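Chain A is fixed; fit chains B, C and D onto it per the hints.
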Amino acid sequence: MIVLALVAILFFGGAIAWASEALDARMPRAVALLSLLASAAVLLIFCFSSSPGVMLAGGQWWVLESWAWIPRFGISLLVGVDGLSLLLLLLTLFLGLIALGAAWNEIQERVGFFYFNLLWTIAGVVGVFTALDLFLFFFFWEVMLIPMYLIIAIWGHENRAYAAMKFFLYTQVSGLLLLLAILTMSYLHFVQFSRFSFDYFDLQNVVIPGALQTWIMLGFFVGFATKLPIFGLHSWLPDAHSQAPTAGSVLLAGVLLKTGAYGLIRFTLPLFPEASADFSSIAMTIAAIGILYCAKVAFAQQDIKRLIAYTSVSHMGFVLLGIYAWNLYGLQGAVMTMLAHGLSSAALFMLAGGLQARFHTRDMELLNGLWVKLPMLSAMALFFTVAAVGMPGLGNFIGEFLSLLGAFQSNRVATIFAALGLVLAAVYSLWVIQKMFHGQLRVPSQYASAGDLTLIELLCYALMAAGLVWMGMYPQSFLDVSEVSLLYLQSLGGGGE
Amino acid sequence: MIFLFYTAAIVALIATIAVIISTNVVHALVYLIISLLSVAVIFFALGAPFAAMLEAIVYAGAIMVLFLFVMMMLNLGQTTQDEEKEWMQPRLWIGPVTLVALLLVQMTNVLLTQDVDLRPIEVGVLEISVLLFGPWLLAVELASMLLLAGLVAAYHLAKK
Amino acid sequence: MQNWIGLLPAFPLAGFVLLVLSRGRMSKTAASFIGAGSVGLAFVLAVLISIEFLNSGAQSFSKTLWVWMQVGELDTGFSFYLDGLTLVMILIISGVGFLIHLYSTGFMADDPDFARFFSYMNLFVASMLVLVLADNLILLYLGWEGVGLCSYLLIGFWYQNPANGYAARKAFVVTRVGDTSMAIGLFLLFSQLGSLNIQEILVLAPSQWSTGSGMAVAASALLLGGAVGKSAQLPLQTWLPDAMAGPTPISALIHAATMVTAGVYLIARTHVLFELAPSVQLLVAFVGLATLLMAGFTAMMQRDIKRILAYSTISQIGYMFLALGVGAWSAAVFHLMTHAFFKALLFLAAGTVILSLHHEHDIFKMGAMRRRLPVSFWCFIVGSAALTALPFTSGFYSKDAILLAALAHPTYGMLLWVGGVLGAFMTALYSFRLVFVVFFGSSHYAAHEAAPHDDHAAVVENTSPAMFFPLLILAGLSLFGGLISVPVDAVFAQSGVHEEAHVSQFLHTLMILIPILGVMISWLLYGSVPYEKAGAHLRQRLVQSPLGGWLNRFWFSGWGMDKLYQTLLVQAFLMLAHINRKDVIDIAFNGTAFVARFANSALVLTQTGNMRWYAISLVAGLVIVIGLGVFR
Amino acid sequence: MDFIPYEHGLILAAILFVCGLVGVLTRRNIVFVLMSLEIMLNACGLAFVVASSRWQHAEGQVMFLMILTLAAAEVAVGLGLIIQMYRRFHTVDISVLNEMKG
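Chains as they are written, first to last, in the numbering used here: chain A, 1 to 497; chain B, 498 to 657; chain C, 658 to 1289; chain D, 1290 to 1391.
So that you can see chain A by itself, here it is in the shape it has in the complex (with noise of 0.2 angstroms):
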């Protein structure tokens, strides 16, 4: 019911919100507030008040669920919440509300409809995070994107139709090839078991011939590493990302990111565990291609939502490599990265984002040596790009390590050369520190009156900031919940080292 409960709270409070800007245009974020809260606080004092109860497989489930949808193909509402979902939901509540927290002031047209696809975007999202059966997943896959891609194509910035369309058509055309994958699945299902299924557990047990293995892995592939992305397949980011506002952009890039790694730990190796390991010096060296390759690129860029975007690729290189390296220290690495880059890029984002509604630019030219006129806002800018960079003591730090070392166990090649991504990263980072905050002073004259940052950005700021801390001097706590479903998936998708 928990997860039932979380979906519905949200797609309900968004119906409310949209609804509710007929009263009072202040009334929608209200709405959201509370929906989001009461969301949270369900989670919170689930999982503090359960421990995970059922035993399936070797899995270790909080939940595990299941109603009858449409029966006559094998399509239930099956969810479930282990350690990795858990993990995931909680930031991305959290996330939702930093979320919010960025469009409190932000968004002022369209009120309503605009936490509406709020709302649903992180509804879309726990499904995500949740469903177990297929058919359901894609169902989460899709509500996830639409109001996303309305997000950024109505309250985006200047170029916002563009990037909106490269989104949806990027987003659309991996989920074709996703669909495509899970349907060949269930009607395999339906040629040995005769029946179809779109269950987790019972695809697990489809035996797919070698060819036909590769070519649904790499639907499945394509279909996550789009989102997360890849390198090659990233272009659509770094639009999407600067021209979505910035609750649109803290999302995608705390949250929506993360759906590909997610799908990636939990369907692609689990369900091809041979055609994933022979795939995965190949996933392995595209992942230290795009660390590479995006902190290249990052460095060259004058926006500077645009830079954080690309360094956003850059990380989820990490990711990749922990992921492909498919043991305990890579797969841990992934979840830490993904949490801990959740909070950094999200802050960064939200920074941009400030900077934005002050200065009316996102180009670094026009914006020098800001710590003089903003010191907290500075300071705050140096803490997350730090933490980008690595920084021992972080969270992020903790998942590139432990990725990097479990991919060394598997890959010597593209590690010592993802490796290299360490010093990259702290090239453009600094560039960026250089070049906005230290020096002399210059911004666009007329918005010389900006102010510092405001309450809600700062206690925004200081939960992240207290996050990231925390995940990085005691990353046990997270690693801890995450290890016997890890320890689980690994399980099925055996031949990964």
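Among the hints, erroneous ones may be present.
To be verified - Computed list of lysine-lysine pairs in DSBU-like fashion (alpha-carbon distance at most 35 angstroms, straight line):
1) A/K435 x C/K685
2) C/K685 x A/K373
3) A/K296 x C/K685
What the hints assert, rightly or not - What follows is a set of in silico ranges between Cβ atoms, one per label pair, in the way DEER data are often shown:
4) C/T1265 x A/W67: 41 to 51 angstroms
5) A/G210 x B/M642: 54 to 64 angstroms
6) B/S626 x C/T1265: 22 to 32 angstroms
7) C/G1278 x A/N205: 45 to 55 angstroms
8) D/D1382 x B/I554: 25 to 35 angstroms
9) C/D732 x A/G210: 37 to 47 angstroms
10) C/F1255 x B/I554: 54 to 64 angstroms
11) C/F1255 x B/S626: 51 to 61 angstroms
12) D/D1382 x B/M642: 48 to 58 angstroms
13) C/P1067 x A/E274: 28 to 38 angstroms
14) A/S445 x C/S719: 51 to 61 angstroms
15) C/T1224 x A/S445: 55 to 65 angstroms
By construction, these hints were calculated from the structure, which means they are not laboratory data.
Keep in mind it's a predicted model, so treat the numbers as computed, not measured.
Every residue gets a Cβ at the ideal spot worked out from N, C-alpha and C, and that includes glycine.
For chains B, C and D alone, kept in the frame of chain A given last:
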């Protein structure tokens, strides 16, 4: 009967060609009527008196009258005729005519591969009616719907 | 007391947190109280811990504060490990650190960002303590990166000047190259040995690897990469001279006494690995030798007082590497300690000179400061004497030990020794050049250049006791620090046998005399009455000869390494980045959109809107289809 | 009674059809175009009737009837369109109507 067929065929051909090269609309219309009537004669020669009747009455009669009315409403005068002459440049029609001639060659080629003679056995109204109100009833209904639609559309379109 | 070891880094860390949270609104008194006080408390605690540790007679002590990461075989905690080596390090860090903090309260008194300065300093001390206390390599890496970050922040402390920012970035990025090598080394160690706990590695490695095996060579070479970056040795030394852009106390604390010696600490800590890889160990020695010579020659040519000291630091760390390379572990640590004393002293004294001359760095614009700044002068004399290893100063004992050990090296002993002695000669030359040019001769300081409103009399020594007390203590330590014995024998118990070498009396005497000779030559060139006449003429001729001029420029530029890296790496990277600013992948994907649009505009030409055209195309299609059907 | 060669009837239909096609393709006056269409439809009808004769079956003529109806409806709508066009553009030149140009 053979004689009837070939004379009517020649008349139909000449009249048709006259239709497409004529510059005066009314003249063309008259040629068209002649062409249709000769086709009616051919029908008769092929032993299809009912079809011949309908051809004469509906085509040459009703439809062409409709054309005539429209001609009168449009009242296209001498200027139109001059325009028509201007438009009848060889460079304009040589391409389409070549293409179409090619088509004709192809069709003739196909048709000449068989060699069967026609025995004109009269097919009367009765047989047609049996078919029309038997297996083809649905087609008849559809045709009536089509006519109704045409009626409504024509009324609507011609309205001011 | 030992159980409170966790508080050691916690004190400065708490100071950092308090200072950050104050957001610059704290009064300077309170800030300096917190900033220096927290490090002072750490020092007191370090002393108490040392006393207890030494009295207990135990070899080592370790304490786990909490579990950090536990994944599979990887089991690391926030655990501290204490032995003789660590003890030396924590005492240096907290002791010298405290003195420099104290000095900074005077030095930075006029800076508006006073609290920020102390917050970074405290964070640095905390990170450095974690670095040396760490019982596993990941925690060491945490401290390692932490000190790098603080170094970055403090070099670029006066952030409004882009040059400082450039220097700071350069420092961070160059050391990061080494750090990455070290990180890869950690991955390798873990994948081979299944542990990152230092003591376990030191036990496991000899049991699993034979001497000279490929893995041992790879692992120690990778660790050496990290050490080379942090300790500014060849080929990653280029960042340190630029790092002098930071405030002078920073140069003293981070870029002389503590952080830059972290590489030495790392190699000493993991010495077992290096002993397993003799080729790498020899490489360490030669890196040290090359660096100390290169930096010595470069220091000769510099004009900036702090850059001279920076190159001398590089050179002295070269000696430590030389010692490490020949297996004289405790000599290296000993020199690390004495170097911390006299180099901190030199930097702090230089700081007083710089401060009294309104941030003038060019030594040829100083001169005759001996009477105006007597305390600085005497401190400089003491520091330079120790640096030059004049007999009975602290530097003498440590450098003597190193050179003797180098000579005892079985194969390359003579080569290493000659190089080291030549380096010592250069050291004498450049350090006393500095002393003579700055403190003797006639004054070249033009006050109006720096501060138009001050008259010449403004050149007075800052008499704040907060600044003098550290100078005096450090001067004392520089003189007599050689009498302290470092309690590291237990740490290196199983190795370091060839430290007690027998050396001929002749060589030993030569070794002692050569620095003195260097000082005398330096006097001839720069110090003899007034050096402008005799020395300057000679120097002039040297510089004007083609070879001399070339060498001058070559040495001045730090052997062209900066330029080399600039062209080879920086420019190439910038070019690559700017060529691909638009992201070629994006262009490829947009290419599909472009092709579609082009095809559209081509095909749209067929849509003329003319009915006859459509009919003709229909007929043409018909002709073709029938043609295909009929004439097949 | 003599027989008419089956193919001659069909060739006549083909020639008439082709004449109509030439008209459609070459004329710019929309009235002529419509007339040419009528010729083509009529030719089709002729082909059906010939076929009906050939196979001795009435269904060909049923088809002719269908074509007749179609032609009637088409003419009605077509003429209505011509009137509209003339009202709007004051011409019967079909080339004027190229709004659909891409």
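Are any of the numbered hints broken by this structure? If so, which, sorted upward?
Hints 3, 4, 6, 12, 13 and 15 not satisfied by this model.
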